[in-house]
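Which chain is which? The protein sequence lines are A and B, in order. Going by full-length UniProt numbering, the letters in the first sequence line up with residues 1 to 190, in that order. Going by full-length UniProt numbering, the letters in the second sequence line up with residues 1 to 190, in that order.
If you are wondering where the hints come from, they were derived from the structure by calculation, not from laboratory data. Worth double-checking, as some hints may not be accurate.
One copy or two, it doesn't matter: identical chains are merged, so the pair holds either way.
[Unchecked claim] When the alpha-carbon atoms are kept at most 20 Å apart in a straight line, the in silico EDC-like pairs for lysine to aspartate or glutamate are as follows:
no., residue 1, residue 2
1, K51, D111
2, K40, D129
3, K51, D92
4, K40, E17
5, K51, D10
6, K40, D111
7, K40, D63
Protein chains: 2
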Amino acid sequence: MPRIVAERADILPALAEVFREHGYEGASLALIGQRTGLGKGSLYHFFPGGKEEMANAVLDEIDGWFETRIFRPLREEPDAAAAIRASLRDTDAYFRSGRRVCLVGVLALGDVRDRFAERIHSYFLAWRDALASALVRTGVAQEMAASLAEEAVAMIQGALVASRALQDSELFGRMLNRLEGRLLAGSNPR
Amino acid sequence: MPRIVAERADILPALAEVFREHGYEGASLALIGQRTGLGKGSLYHFFPGGKEEMANAVLDEIDGWFETRIFRPLREEPDAAAAIRASLRDTDAYFRSGRRVCLVGVLALGDVRDRFAERIHSYFLAWRDALASALVRTGVAQEMAASLAEEAVAMIQGALVASRALQDSELFGRMLNRLEGRLLAGSNPR
DNA sequence: GTCTATACTTTGATAGAC
DNA sequence: GTCTATCAAAGTATAGAC
């Protein structure tokens, strides 16, 4: 039976979008209320801790999504090359080909970095290490894999910045393609 | 004779640092006043247009610095390979090996992007094209040069994000080194 | 669980004394 | 040119009715 009553999880997507578009300080409660369709009272009912708890809830959801869709397949999928290709496709979809920014990256650049430092750190670490693990399974040497993975996560973040700055809607896709070529250079073609 | 009286240009460095560290919305007038040592009255004397004028003045200064130190040498220096190497060294110094972020990149990710879209766009465009020009002069084909240059500007931005996120003070340097290797792969070793 | 009303703080910005 | 005082608006957060 469908509920009229909203759950906390129901408003997380809208909440996430507000933080992504406006950053932590830019996301005012007025704006959040407007975009989620909830009054301040309701927001504080779901998130007694205010904005910080909202941001943490959003980061939880993001962590969960990436863990399920990107990190775990990279670590566990038997066909590592296929997992890498799939992860890049999913990354392109998640970031809407560069039209959507990475909230974790945005927070990393801002002055709120310290407040979320632990989560930011573990998100990037998990991505880098999962990708490195997949690369090793395609036959790349440990050190080279670590190096390529580090480069890949930076490249994705940089591509998001550059695609917005240059207002080039195809830049993100070009970068991911180039990245795929470099990551899978040693493995068999599809 | 040294002046006690401050000039507008005297407070620009401090102003730039506040914007870099806290972003546009995070840089409150209280904070700016504190870091520049000026009261709001003085700030509005120098910048009648308020925060937006302050940010534009900072962007002017940044534009000037990069044009003189990075873009022009890349476009005009006869020894293009040397110019590329020097530009990467200067980039490392400017961003304090990743401890300092790129204000233009920060603004590109934020919701104030629209307000500064023109400047953000031209900064990235100038960097990309100046680098591509240098690459062409080292013997790289036009298309490949454009591709490499686009990748380089994105890589630098991504390296700034990643080095902060992963709290790895040496990541930025590693990325610049790898970038130098890729950019100068075809040209003569130093 | 959601709303309105409200308290209190901070914000960007202005005015006027010196 | 710099300061203090002040303003209106917007900010986060809380209380209480329904």
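We went through each hint and held it up to the structure:
1. K51 x D111: both (15 Å within a copy, 18 Å between copies)
2. K40 x D129: Neither way: K40 and D129 sit 40 Å apart in one copy and 48 Å across, limit 20 Å.
3. K51 x D92: Neither: 29 Å inside a copy, 35 Å across copies.
4. K40 x E17: Answer is within: at 18 Å inside a copy they meet the 20 Å cutoff, but 34 Å across does not.
5. K51 x D10: For K51 and D10, the Cα distance is within 20 Å only inside one copy (17 Å; across copies 37 Å).
6. K40 x D111: Cα proximity of K40 and D111: none, with 25 Å in one copy and 22 Å across.
7. K40 x D63: Cα proximity of K40 and D63: none, with 26 Å in one copy and 42 Å across.
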